[in-house]
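Asker: In order, the protein sequences belong to chains A and B.
Position 200 of the first sequence, counting from 1, maps to 200 under full-length UniProt numbering, and the rest follow consecutively.
Position 73 of the second sequence, counting from 1, maps to 73 under full-length UniProt numbering, and the rest follow consecutively.
To be clear, the hints were calculated from the coordinates, so they are not data collected in a lab.
Using N, Cα and C, we set each Cβ at its ideal position, and we do this for glycine too.
Be a bit skeptical, because a hint or two may be false.
As the list claims (entries may be wrong) - Okay, derived cross-link-like pairs now, BS3-like style, lysine-lysine, Cα gap no bigger than 30 Å in a straight line: (1) A:Lys278 - A:Lys326; (2) A:Lys140 - B:Lys36; (3) A:Lys18 - B:Lys267; (4) A:Lys326 - B:Lys49; (5) B:Lys52 - A:Lys268; (6) B:Lys18 - A:Lys323; (7) B:Lys275 - A:Lys255; (8) A:Lys79 - B:Lys18; (9) B:Lys140 - A:Lys137; (10) B:Lys137 - A:Lys137; (11) B:Lys52 - A:Lys267; (12) B:Lys278 - B:Lys112; (13) B:Lys36 - A:Lys326; (14) B:Lys106 - B:Lys79; (15) A:Lys140 - A:Lys52; (16) B:Lys18 - B:Lys79; (17) B:Lys323 - B:Lys275; (18) B:Lys140 - A:Lys140; (19) A:Lys326 - B:Lys52; (20) B:Lys255 - A:Lys140; (21) B:Lys36 - A:Lys323; (22) A:Lys255 - B:Lys52; (23) B:Lys79 - A:Lys323; (24) B:Lys79 - A:Lys79; (25) B:Lys49 - B:Lys36; (26) A:Lys106 - A:Lys36; (27) B:Lys36 - A:Lys137; (28) A:Lys112 - A:Lys79; (29) A:Lys323 - A:Lys268; (30) B:Lys140 - A:Lys326; (31) B:Lys106 - B:Lys275; (32) B:Lys326 - B:Lys275; (33) A:Lys272 - A:Lys106; (34) B:Lys79 - B:Lys177; (35) A:Lys255 - B:Lys36.
Unchecked claim - Going by beta-carbon spacing under 8 Å, a handful of chain B positions derived as facing chain A: (36) Leu4; (37) Ile8; (38) Asp17; (39) Asp32; (40) Arg34.
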Amino acid sequence: MSLLSNLLNLNLSDCTEKVIAEYIWVGGSGMDIRSKARTLSGPVSDPSKLPKWNYDGSSTGQAPGEDSEVILYPQAIFKDPFRRGDNILVMCDCYTPAGGPIPTNKRYNAAKIFSHPDVAAEEPWYGIEQEYTLLQKDVKWPIGWPVGGYPGPQGPYYCGIGAEKSFGRDIVDSHYKACLYAGINISGINGEVMPGQWEFQVGPAVGISAADQLWVARYILERITEIAGVVLSFDPKPIQGDWNGAGAHTNYSTKTMRSDGGYEVIKKAIEKLGLRHKEHIAAYGEGNERRLTGRHETADINTFVWGVANRGASIRVGRDTEKNGKGYFEDRRPASNMDPYVVTSMIAETTILWKSN
Amino acid sequence: MSLLSDLINLNLSETTDKIIAEYIWIGGSGMDIRSKARTLPGPVTDPSKLPKWNYDGSSTGQAPGEDSEVILYPQAIFKDPFRRGNNILVMCDCYTPAGEPIPTNKRFNAAKIFSHPNVAAEEPWYGIEQEYTLLQKDVKWPLGWPVGGYPGPQGPYYCAAGADKAFGRDIVNSHYKACLYAGVNISGINGEVMPGQWEFQVGPAVGISAGDELWIARYILERITEIAGVVLSFDPKPIQGDWNGAGAHTNYSTKSMRSDGGYEVIKKAIEKLGKRHKEHIAAYGEGNERRLTGRHETADINTFVWGVANRGASIRVGRETEKNGKGYFEDRRPASNMDPYVVTSMIAETTILWKP
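So that you can see chain A by itself, here it is in the shape it has in the complex (with noise of 0.2 Å):
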């Protein structure tokens, strides 16, 4: 197909000042993304001057049939890695005609949490670490499986190499690079304990910028396996048995846990989400109760412990963090499949907001 790729890969700057916008958003059910492209006059590095947008939200399972309009609202701008040159991916959300947020727009609530004055002043990182499984197409199987088998016990193929041990690198690396290139903060990869199943991580990312990127982390790694052929899982528990789930452990700071003293902050922070766990568990993830079972390095969901450098816990604290007393702690409880929109806000105001009476 080298006559293909040619045009794919023309650089339009040479003869035209127009660029592509790929309008990105999420869509009915909370997971599914969703995109368009438009064409724009020149280019364009500030949100606020991109046009708002529209699409038909009866095709989505956002509106219905006879009043269909949805409104885009372009909230943050990224490079498009696949068309290259000046062309943009830009992350929405989604509005009535009105003006207001339709129900699945979680981000207009995190935007309203992290633009509080208390937790603004808190400056609140976020560190995302999400795992997904890749699997073969039309069979849905792991890839790298025996179809119809398994292959050898979890041990070898935590950050493993060597074509028994490893499975699908290729779209792990060219995620990395157009991450980076996209100008997403993603900050390392691994192979994961399961085979076929990876993890990326995101961050350090301020208040509602984390999830804007992990987002469009998300986006950019369905496109790349989209061309690969091979099928995307958010599943936190794609396979049953002795087999590892898939989290989005969120990695969590404030500026008064960052400074001296900031190890009492952080274990403060703990009691509180401990107080509200029941609450939390009910918005990361549909199924995470296949996961968090208490094997497999999680701790089980209807338990809430924390713990120094402990991995079958639901936060972890690290041991640096410990030693300097002050640094960030780890939520181990949010499923892959969970909208980071959600969980950094309410990490954010059950930890700065809420008051435990």
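Using the hints, position chain B against chain A.
Answerer: Here is chain B on its own, set in the frame of chain A:
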């Protein structure tokens, strides 16, 4: 998949100063290589400027679940032949949070030996001949061999060319260039006696860097076989019967051996090695008894014998060295799955520090 390779080959230097560093370490079995990557704000060339990191040791058999952090100390930097640009590979070793080397960390002790003043003064050089076998995925039978059967007997394959005699050359040649690109001192390659088996050599390298470079060369090789869809084996005797095993012959010299009169120093060193034969053999790789049989260009595992130009010896001295009265010698005992930190430091320790 032309678009996927466009992304993998993106030259990020055009859009960001950030670089990707792949941290590499040895896992719990002593032969499994592990790695993960992180983003750094700009290029780094000095390992001491790289941040320490950590990983989940409970997933590699190196720590319990309730206290799972193992700390990675960066020790050597190489250019990343896969990501290119300013991206790097970082060879690391492993410590507890308290700062102690974990039991599988063989580099720590080797570094101590190599920094002993008597050893450092002798500038020990190493040239390691790493043999390995390529296996077909899923069936785990050597590359080029008919599944369910055997190729013709050994004879035509050593250093050969041709579709019926050389299997996997694209892996070997890409590995050669990738290592040179990375800054590994790879000195050569050749096809081996058993079909599907190859060899590359790393060296001459001084002291601890021989171990660092060999491990990185092994890492690059397994990343390449991963791309090729072929399984890499360092088993010392992959196929029973009239088929060669795989070794890691270790060539060695010190400053005195390389100087005039060095041949006498070499003979004394070999004598000392002979007195510690059992101890060395115990550290020269698991399963070596299946390989060191006295046949197939090896010496029997229980026998210590040395000789000039003798490939059936435990230690072989080259004719040039004998003629010049100085040079180096070859310890042919180590298996392909040996740990180079252990072998190189042990040879230095026995020949320079140990008093019989």
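Asker: With reference to the structure, classify each hint as holding or not holding.
Answerer: So, going through the hints one by one against the coordinates:
{"no.": "1", "hint": "A:Lys278 - A:Lys326", "verdict": "holds (27 Å)"}
{"no.": "2", "hint": "A:Lys140 - B:Lys36", "verdict": "holds (26 Å)"}
{"no.": "3", "hint": "A:Lys18 - B:Lys267", "verdict": "violated (77 Å)"}
{"no.": "4", "hint": "A:Lys326 - B:Lys49", "verdict": "holds (23 Å)"}
{"no.": "5", "hint": "B:Lys52 - A:Lys268", "verdict": "holds (29 Å)"}
{"no.": "6", "hint": "B:Lys18 - A:Lys323", "verdict": "holds (29 Å)"}
{"no.": "7", "hint": "B:Lys275 - A:Lys255", "verdict": "violated (63 Å)"}
{"no.": "8", "hint": "A:Lys79 - B:Lys18", "verdict": "holds (16 Å)"}
{"no.": "9", "hint": "B:Lys140 - A:Lys137", "verdict": "holds (26 Å)"}
{"no.": "10", "hint": "B:Lys137 - A:Lys137", "verdict": "holds (21 Å)"}
{"no.": "11", "hint": "B:Lys52 - A:Lys267", "verdict": "holds (26 Å)"}
{"no.": "12", "hint": "B:Lys278 - B:Lys112", "verdict": "holds (23 Å)"}
{"no.": "13", "hint": "B:Lys36 - A:Lys326", "verdict": "holds (26 Å)"}
{"no.": "14", "hint": "B:Lys106 - B:Lys79", "verdict": "holds (24 Å)"}
{"no.": "15", "hint": "A:Lys140 - A:Lys52", "verdict": "violated (37 Å)"}
{"no.": "16", "hint": "B:Lys18 - B:Lys79", "verdict": "holds (15 Å)"}
{"no.": "17", "hint": "B:Lys323 - B:Lys275", "verdict": "holds (26 Å)"}
{"no.": "18", "hint": "B:Lys140 - A:Lys140", "verdict": "holds (26 Å)"}
{"no.": "19", "hint": "A:Lys326 - B:Lys52", "verdict": "holds (18 Å)"}
{"no.": "20", "hint": "B:Lys255 - A:Lys140", "verdict": "violated (61 Å)"}
{"no.": "21", "hint": "B:Lys36 - A:Lys323", "verdict": "holds (25 Å)"}
{"no.": "22", "hint": "A:Lys255 - B:Lys52", "verdict": "holds (24 Å)"}
{"no.": "23", "hint": "B:Lys79 - A:Lys323", "verdict": "violated (34 Å)"}
{"no.": "24", "hint": "B:Lys79 - A:Lys79", "verdict": "holds (27 Å)"}
{"no.": "25", "hint": "B:Lys49 - B:Lys36", "verdict": "holds (18 Å)"}
{"no.": "26", "hint": "A:Lys106 - A:Lys36", "verdict": "holds (20 Å)"}
{"no.": "27", "hint": "B:Lys36 - A:Lys137", "verdict": "holds (26 Å)"}
{"no.": "28", "hint": "A:Lys112 - A:Lys79", "verdict": "holds (26 Å)"}
{"no.": "29", "hint": "A:Lys323 - A:Lys268", "verdict": "holds (17 Å)"}
{"no.": "30", "hint": "B:Lys140 - A:Lys326", "verdict": "violated (50 Å)"}
{"no.": "31", "hint": "B:Lys106 - B:Lys275", "verdict": "holds (23 Å)"}
{"no.": "32", "hint": "B:Lys326 - B:Lys275", "verdict": "holds (22 Å)"}
{"no.": "33", "hint": "A:Lys272 - A:Lys106", "verdict": "holds (23 Å)"}
{"no.": "34", "hint": "B:Lys79 - B:Lys177", "verdict": "holds (12 Å)"}
{"no.": "35", "hint": "A:Lys255 - B:Lys36", "verdict": "holds (29 Å)"}
{"no.": "36", "hint": "Leu4", "verdict": "holds (5 Å)"}
{"no.": "37", "hint": "Ile8", "verdict": "holds (5 Å)"}
{"no.": "38", "hint": "Asp17", "verdict": "violated (11 Å)"}
{"no.": "39", "hint": "Asp32", "verdict": "holds (6 Å)"}
{"no.": "40", "hint": "Arg34", "verdict": "holds (4 Å)"}
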